[in-house]
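Chemist: Here are the chains, one letter per residue:
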Amino acid sequence: MDTMIVVIISIAMGFLLGLGVGGGKLLIPALVLLLGITQQIAQGTTLAVFLPISLIAIITHMREKNMSYTHALYLVIGSVVGAYLGAKIASNIDTDHLRKIYGGFMLIIGAYEMVSKDPKTRLHYKKPKEA
Amino acid sequence: MKRGLSVVIGFITGIVNGLLGVGGTILVPAMIYFLDTDRRHSHGTALLIIFPTSLVSTFVYYQNNNVDINLAWKLAIGGIVGSYIGAKALRKLKMTWVKRIFAIVMIAAGIRMVMG
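These protein sequence lines map, in sequence, to chains A and B. This note's numbering puts the first residue of the first sequence at 1, with every later residue one more than the last. This note's numbering puts the first residue of the second sequence at 132, with every later residue one more than the last.
These aren't lab readings, by the way, just hints derived from the structure by calculation. Incorrect hints may appear among the rest.
Claimed, not checked - Listed next, the stretches of chain B that the computed footprint assigns to chain A, with coverage defined by at least 3 CB atoms under 8 Å from CB atoms of chain A:
| hint | segment |
| --- | --- |
| 1 | 132-145 |
| 2 | 149-156 |
| 3 | 198-212 |
| 4 | 217-231 |
| 5 | 234-241 |
Stated by the list, open to error - Taking CB as the label site, the calculated pair distances span:
| hint | chain 1 | residue 1 | chain 2 | residue 2 | range |
| --- | --- | --- | --- | --- | --- |
| 6 | B | 196 | A | 73 | 31 to 41 Å |
| 7 | A | 5 | B | 242 | 19 to 29 Å |
| 8 | A | 70 | B | 143 | 16 to 26 Å |
| 9 | A | 111 | B | 165 | 17 to 27 Å |
| 10 | A | 95 | B | 242 | 14 to 24 Å |
| 11 | A | 92 | B | 225 | 41 to 51 Å |
| 12 | A | 93 | B | 216 | 18 to 28 Å |
| 13 | A | 33 | B | 143 | 21 to 31 Å |
Cβ atoms here follow ideal geometry from the backbone N, Cα and C, with glycine treated the same way.
Please build the complete structure, drawing on both the sequences and the hints.
Modeler: What follows is the structure, encoded as C-alpha cells:
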C-alpha cells in the first residue's frame, strides 16, 4: 500500500469534513481509484473510519442541545433495518457492479450539489456573529 | 410528528448507508423538507441516527472481511489533522466555490467509476 497516497487522501478527506462538505463521499472513490482496492473494502473501511469521527461530532452537538430525540427514535428504527439489508446486498454483489452503482450515485449527488443552494452552506455562513 | 414517514425515510437512509457506505447524505434535506425538523436540530439529529446505522453496516462489512482496519487507522489519523485545518479555513473560503469544485470532482470521479 502506498503510504504517501493514504496520507494525502486522508488529509484531503478531513479538510472537506472540516469545511462541512461530505468527506466520505469522495473518500470511497479515492480509495478505489488511487489505491485499487475493491469497492466493498473501500466502503467498509470508510464506514469504520467514520464511527469515531461521528461519535465526537455527536457529543459536540449534544452539548449544544442540537438534537431532537423523538424524531431520531423513529428514523433509527427504519435506518438500522435498512442498513442491515443494504450492507448484506453490498456484500453479495459483484464489485464492478457495486462500483458502477456508486458512480451513478456520485453523478446524482454531484449534479444536486451543482444546482442546490445547500442548507449546510447557509448554516455555516450564519454562524460567526449570531451567537 | 410523522412517525410512519420517519420510519420510511430512516429505512431509505439505512439502505443507502449499507449499500454505498456513505453517511447521511439524504437525511438532512429529507428531515428539513419532509419532516419539518428545524435546521438547527437537523444536523445533530442526523448524526445521532447515522451512528447506530453505520455501526450495523460496519458490522456486516466486517463479517464479510470488507473492513481494512490497518487502513482505517491511517485514514482516521490523517482525517483528524485535515478536519482541523478545514475547520480553520472555513471562514476564509468562499463556500459557494468550494461546493462547485466539490460537485465537479464528484461528477468527474463518478464518470470514472461508471466507465471503469
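Chemist: Could you run down the list of hints and mark each one as holding or not?
Modeler: Consistency of the hints with the structure:
Coverage of the segment 132-145 of chain B by chain A holds [criterion: at least 3 residues with CB-CB distance below 8 Å; count 11]. Residue count for the segment 149-156 of chain B with a Cβ under 8 Å from a Cβ of chain A: 7. That meets the three needed, and the coverage hint holds. Chain A is given as covering the segment 198-212 of chain B, and this holds because 13 residues of the stretch bring a CB closer than 8 Å to a CB of that chain, at least three being needed. Judged by the Cβ-Cβ criterion of 8 Å, the segment 217-231 of chain B is covered by chain A as claimed, because 12 of its residues qualify and three suffice.
For the segment 234-241 of chain B, the proposed coverage by chain A is satisfied: 7 residues have a C-beta within less than 8 Å of a C-beta in that chain, meeting the threshold of three. Range check, residue 196 (chain B) to residue 73 (chain A): Cβ separation about 33 Å, and the 31 to 41 Å hint holds. For residue 5 (chain A) and residue 242 (chain B), the Cβ-Cβ distance of about 21 Å falls inside the hinted range of 19 to 29 Å, so the restraint holds. Checked against the hint of 16 to 26 Å, the pair residue 70 (chain A) and residue 143 (chain B) passes, with Cβ atoms roughly 20 Å apart.
Hint check: residue 111 (chain A) to residue 165 (chain B), Cβ distance near 21 Å, so the stated range 17 to 27 Å holds. Checked against the hint of 14 to 24 Å, the C-beta distance between residue 95 (chain A) and residue 242 (chain B) comes to roughly 18 Å, which is consistent with it. Taken as a hint, the range 41 to 51 Å holds for the pair residue 92 (chain A) and residue 225 (chain B), whose Cβ atoms sit roughly 44 Å apart. Checked against the hint of 18 to 28 Å, the C-beta distance between residue 93 (chain A) and residue 216 (chain B) comes to roughly 37 Å, which is inconsistent with it.
At roughly 27 Å, the beta carbons of residue 33 (chain A) and residue 143 (chain B) sit within the given window of 21 to 31 Å.
In summary, the one numbered hint that this structure violates is 12.
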